[in-house]
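A.B. asks: What follows is each chain in one-letter form.
Protein chains: 2
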Amino acid sequence: MKDAQTNQDQSIEEMMNGIGAAAKAASAELAFASAERKHAALIGAAEAVWSARREIIAANEQDLAYGTEKGLSPAMMDRLKLDEERIRGIVDSLRAIAEQKDPVGEVIAEWEQPTGLKIRRVRTPLGVIGVIYESRPNVTADAGALCLKAGNAVILRGGSESFHSSRAIHACLLEGLRSAGLPEAAIQLVPTRDREAVSAMLKAVDYIDVIVPRGGKGLVGLVQREARVPVFAHLEGIVHIYIDKAADPQKALDVVLNAKTRRTGICGAVECLLIHEDVVKTIGQGVLRALVDKGVEVRGDKTLAQIPGVVAATEEDWGKEYLDSIVAAKVVADVDEAIAHIRQYSSSHTEGVVTEDASVAERFFQRIDSAILMWNASTQFADGGEFGMGAEIGIATGKMHARGPVGAEQLTSFKYLVVGDGTTRA
Amino acid sequence: MKDAQTNQDQSIEEMMNGIGAAAKAASAELAFASAERKHAALIGAAEAVWSARREIIAANEQDLAYGTEKGLSPAMMDRLKLDEERIRGIVDSLRAIAEQKDPVGEVIAEWEQPTGLKIRRVRTPLGVIGVIYESRPNVTADAGALCLKAGNAVILRGGSESFHSSRAIHACLLEGLRSAGLPEAAIQLVPTRDREAVSAMLKAVDYIDVIVPRGGKGLVGLVQREARVPVFAHLEGIVHIYIDKAADPQKALDVVLNAKTRRTGICGAVECLLIHEDVVKTIGQGVLRALVDKGVEVRGDKTLAQIPGVVAATEEDWGKEYLDSIVAAKVVADVDEAIAHIRQYSSSHTEGVVTEDASVAERFFQRIDSAILMWNASTQFADGGEFGMGAEIGIATGKMHARGPVGAEQLTSFKYLVVGDGTTRA
Numbered sequence: 001m002k003d004a005q006t007n008q009d010q011s012i013e014e015m016m017n018g019i020g021a022a023a024k025a026a027s028a029e030l031a032f033a034s035a036e037r038k039h040a041a042l043i044g045a046a047e048a049v050w051s052a053r054r055e056i057i058a059a060n061e062q063d064l065a066y067g068t069e070k071g072l073s074p075a076m077m078d079r080l081k082l083d084e085e086r087i088r089g090i091v092d093s094l095r096a097i098a099e100q101k102d103p104v105g106e107v108i109a110e111w112e113q114p115t116g117l118k119i120r121r122v123r124t125p126l127g128v129i130g131v132i133y134e135s136r137p138n139v140t141a142d143a144g145a146l147c148l149k150a151g152n153a154v155i156l157r158g159g160s161e162s163f164h165s166s167r168a169i170h171a172c173l174l175e176g177l178r179s180a181g182l183p184e185a186a187i188q189l190v191p192t193r194d195r196e197a198v199s200a201m202l203k204a205v206d207y208i209d210v211i212v213p214r215g216g217k218g219l220v221g222l223v224q225r226e227a228r229v230p231v232f233a234h235l236e237g238i239v240h241i242y243i244d245k246a247a248d249p250q251k252a253l254d255v256v257l258n259a260k261t262r263r264t265g266i267c268g269a270v271e272c273l274l275i276h277e278d279v280v281k282t283i284g285q286g287v288l289r290a291l292v293d294k295g296v297e298v299r300g301d302k303t304l305a306q307i308p309g310v311v312a313a314t315e316e317d318w319g320k321e322y323l324d325s326i327v328a329a330k331v332v333a334d335v336d337e338a339i340a341h342i343r344q345y346s347s348s349h350t351e352g353v354v355t356e357d358a359s360v361a362e363r364f365f366q367r368i369d370s371a372i373l374m375w376n377a378s379t380q381f382a383d384g385g386e387f388g389m390g391a392e393i394g395i396a397t398g399k400m401h402a403r404g405p406v407g408a409e410q411l412t413s414f415k416y417l418v419v420g421d422g423t424t425r426a
Numbered sequence: 001m002k003d004a005q006t007n008q009d010q011s012i013e014e015m016m017n018g019i020g021a022a023a024k025a026a027s028a029e030l031a032f033a034s035a036e037r038k039h040a041a042l043i044g045a046a047e048a049v050w051s052a053r054r055e056i057i058a059a060n061e062q063d064l065a066y067g068t069e070k071g072l073s074p075a076m077m078d079r080l081k082l083d084e085e086r087i088r089g090i091v092d093s094l095r096a097i098a099e100q101k102d103p104v105g106e107v108i109a110e111w112e113q114p115t116g117l118k119i120r121r122v123r124t125p126l127g128v129i130g131v132i133y134e135s136r137p138n139v140t141a142d143a144g145a146l147c148l149k150a151g152n153a154v155i156l157r158g159g160s161e162s163f164h165s166s167r168a169i170h171a172c173l174l175e176g177l178r179s180a181g182l183p184e185a186a187i188q189l190v191p192t193r194d195r196e197a198v199s200a201m202l203k204a205v206d207y208i209d210v211i212v213p214r215g216g217k218g219l220v221g222l223v224q225r226e227a228r229v230p231v232f233a234h235l236e237g238i239v240h241i242y243i244d245k246a247a248d249p250q251k252a253l254d255v256v257l258n259a260k261t262r263r264t265g266i267c268g269a270v271e272c273l274l275i276h277e278d279v280v281k282t283i284g285q286g287v288l289r290a291l292v293d294k295g296v297e298v299r300g301d302k303t304l305a306q307i308p309g310v311v312a313a314t315e316e317d318w319g320k321e322y323l324d325s326i327v328a329a330k331v332v333a334d335v336d337e338a339i340a341h342i343r344q345y346s347s348s349h350t351e352g353v354v355t356e357d358a359s360v361a362e363r364f365f366q367r368i369d370s371a372i373l374m375w376n377a378s379t380q381f382a383d384g385g386e387f388g389m390g391a392e393i394g395i396a397t398g399k400m401h402a403r404g405p406v407g408a409e410q411l412t413s414f415k416y417l418v419v420g421d422g423t424t425r426a
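Respectively, the protein sequence lines represent chains A and B. Residue 382 in UniProt numbering sits at position 382 of the first sequence; the count goes up by one each step and never skips. Residue 123 in UniProt numbering sits at position 123 of the second sequence; the count goes up by one each step and never skips.
If you are wondering where the hints come from, they were derived from the structure by calculation, not from laboratory data.
Only pairs whose alpha carbons sit at most 25 Å apart, straight line, appear in this in silico DSS-like list of lysine-lysine:
#1 A/Lys-415 with A/Lys-118
#2 B/Lys-415 with B/Lys-101
#3 A/Lys-320 with A/Lys-294
#4 B/Lys-217 with B/Lys-320
#5 A/Lys-415 with B/Lys-217
#6 B/Lys-415 with A/Lys-415
#7 A/Lys-245 with A/Lys-281
#8 B/Lys-320 with A/Lys-415
#9 B/Lys-24 with B/Lys-415
#10 A/Lys-320 with A/Lys-302
#11 A/Lys-302 with A/Lys-245
#12 A/Lys-415 with A/Lys-101
#13 B/Lys-320 with B/Lys-302
#14 A/Lys-24 with A/Lys-415
#15 B/Lys-245 with B/Lys-281
#16 A/Lys-203 with B/Lys-217
#17 A/Lys-294 with A/Lys-281
#18 B/Lys-203 with B/Lys-217
#19 A/Lys-118 with B/Lys-245
#20 B/Lys-294 with B/Lys-320
#21 B/Lys-24 with A/Lys-320
#22 B/Lys-415 with B/Lys-118
#23 B/Lys-217 with B/Lys-81
#24 A/Lys-217 with A/Lys-320
#25 B/Lys-70 with B/Lys-217
#26 B/Lys-415 with A/Lys-217
#27 A/Lys-302 with A/Lys-281
#28 B/Lys-203 with A/Lys-217
#29 A/Lys-217 with A/Lys-203
#30 B/Lys-101 with A/Lys-415
#31 A/Lys-245 with B/Lys-118
#32 A/Lys-217 with A/Lys-81
#33 A/Lys-101 with B/Lys-415
#34 A/Lys-24 with B/Lys-320
#35 B/Lys-294 with B/Lys-281
#36 B/Lys-118 with A/Lys-101
#37 B/Lys-203 with A/Lys-203
#38 B/Lys-415 with A/Lys-320
#39 B/Lys-101 with A/Lys-118
#40 A/Lys-81 with A/Lys-70
Could you build the full structure based on these sequences and the hints that come with them?
C.D. replies: Structure representation (structure tokens):
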């Protein structure tokens with residue numbers, strides 16, 4: 001039994017090493033593939049997905065049957081399901097990525113030195129990206145396409161629930177690569193449900209440059225804990241909004257209602273309101289009552305729990321990500337107390353301030369180091385598309401390399417190109 | 001015995017956790033410290049170093065005595081030694097860093113979305129930087145100052161040989177911080193020679209954002225292998241220069257002689273020449289003979305070993321970093337063979353091409369992914385100062401975050417500041 005286990009592990013390891021070596025070789029070619037060729041591959045893939053929609057739906061039915069057998073929740077079954085409309089969405093998304101600006105080769109900076117050297121800093125691909133995701137099969141297309149756009153080879157490891165759907169979509173991506181004359185190893189899908197493959201990816205410092213986990217807290221936490229390879233991710237979006245005493249009442253109402261109720265399950269949804277003590281009975285009460293009227297469970301501190309409809313919060317409510325129709329609320333003495341609370345409890349994703357006082361907003365912007373800070377705007381704007389950065393592979397809260405929305409440009413590195421004329425150093 | 005060991009490890013771990021927590025707290029304050037205050041701290045430190053030069057030299061004498069006792073090599077003793085001239089160098093370097101542009105708060109990009117949102121991407125400090133270095137005591141001042149300039153707290157772990165010198169210099173940095181009203185924990189020096197402190201730093205994902213090793217291959221290799229924290233470093237500088245058939249003979253001679261002989265011990269010194277077969281008997285022979293005349297040991301492949309003065313290379317000479325007056329040399333059929341050789345053997349630090357043919361240079365620039373590529377220029381220019389980027393903490397060959405010379409700007413991250421007017425998402 002032990003030997004069989006060892007042999008199986010070895011073969012997964014060998015398989016992953018083979019995938020890694022192929023990805024590395026492909027990435028060397030992709031690094032100088034023209035923008036036109038990558039564009040053609042993505043358009044080809046979009047066409048192939050649309051042509052193969054019946055096969056994809058048939059593959060998806062296999063996954064749905066497996067999901068029913070495994071007793072997946074209705075929400076997970078819904079995430080898994082593909083129909084013609086959702087496949088149209090995948091096609092549109094592939095086309096949108098195809099039409100985005102190609103970041104590779106962009107001159108980021110250019111200058112001349114007194115020695116006569118001309119120096120350019122140009123954008124290059126990162127190399128090989130590993131994407132580990134859960135049930136949504138569209139990630140196969142989106143992540144594969146975005147990595148290719150930035151000239152990277154990608155190793156995709158989808159959830160076991162979407163195994164057949166991902167395989168069918170991946171076949172279309174390969175068709176796009178072939179039609180454009182790009183190496184098929186540019187986009188590889190790990191062909192096993194074995195979890196050993198994930199462990200191998202997390203350790204693969206020799207062939208993966210960065211890992212992007214796409215999924216719930218369980219997956220992201222596992223990846224952040226175990227990866228030896230750098231990771232672009234956020235574990236949680238514990239988003240705060242501070243309502244200052246100088247807030248405009250209407251803006252406070254609009255921003256908070258939108259930030260909580262537009263969609264409660266996204267990482268930019270607000271989870272905690274901090275209200276200046278001077279405006280508790282005016283703006284604060286108005287905002288909280290409007291939330292209660294919208295069916296939101298408001299968990300307030302001692303003072304706020306006295307407002308009709310508000311329930312009492314416990315210590316566990318501070319720093320909690322509900323991803324649901326629930327919000328915590330707390331009174332603070334001033335912007336500094338709000339900043340201190342956010343520093344203690346935030347996940348460094350996105351925070352907002354509502355105020356007409358520019359000096360308060362400035363202090364909030366300066367003293368909080370979350371990836372995204374919003375002034376008089378809904379935190380639900382925390383999204384690569386809304387930032388005008390195109391498709392995103394996720395939002396990162398780390399401080400290294402990529403931060404905030406991670407789009408094609410953030411999936412690149414750079415190199416220095418230096419031109420002299422026989423120039424030597426003194 | 002075992003208990004004593006455990007207790008000692010625990011106390012080092014506790015000490016390092018205390019240093020880490022203090023650094024993190026200081027970094028939160030430094031993040032919004034004004035440029036003026038950081039400037040004042042650095043000028044104050046420069047003045048303190050000059051005033052304390054006699055104490056520093058006395059401390060250095062203790063280190064030199066310890067070094068003699070330990071039997072350090074003359075080269076290491078020289079690196080360790082401080083005199084008034086070298087202290088003047090430290091003072092000048094502190095002043096130069098003080099006068100550099102402050103990168104924090106710089107608006108990297110700014111745009112407006114159709115929703116009315118105004119988005120700024122602004123530079124922020126990385127947080128806490130750990131610097132692990134060997135015998136040169138001036139690194140204490142340089143690294144401490146550069147991290148502070150970029151708004152980072154720094155934890156310095158100097159070599160055991162320079163223990164007293166580093167302590168004396170560190171005391172002056174603290175004087176600068178105090179005089180400017182900045183927290184002393186902004187620049188901490190690990191107050192023990194115990195190697196456990198290094199291990200603790202390498203694992204300290206909770207309080208160190210990036211580790212910079214400064215030293216030889218042994219130290220850098222250890223850090224790259226063992227660190228859980230991201231690392232900015234290069235392990236080796238295996239620098240290649242390709243002399244194309246369209247090379248200008250004089251430029252080839254000037255560039256190669258400078259790249260090899262100006263200083264042989266720096267990471268930008270060329271270690272391997274690749275010569276186009278068509279110019280072996282003309283440019284190639286001229287360059288190699290000039291190197292031999294300068295006392296360089298040239299180790300050539302079969303063809304080149306026939307040139308008088310050139311010795312035969314072995315397989316081990318390809319991909320070798322000599323850091324000495326030795327160079328490998330090989331004939332290649334064309335630029336593609338040169339590129340293939342470099343891809344196989346380079347350490348992705350710096351490579352050069354000498355040619356008058358722009359298409360050859362373009363191909364070399366596109367298809368090689370080293371951090372720095374030089375065309376008709378000496379590879380010894382691979383240096384933050386020569387790039388006009390100010391003081392550098394080192395050169396990085398990784399693809400994540402910082403690459404090439406790592407100066408103050410490369411020691412920063414960024415965040416997004418978004419301004420609306422009660423703006424909500426549809």
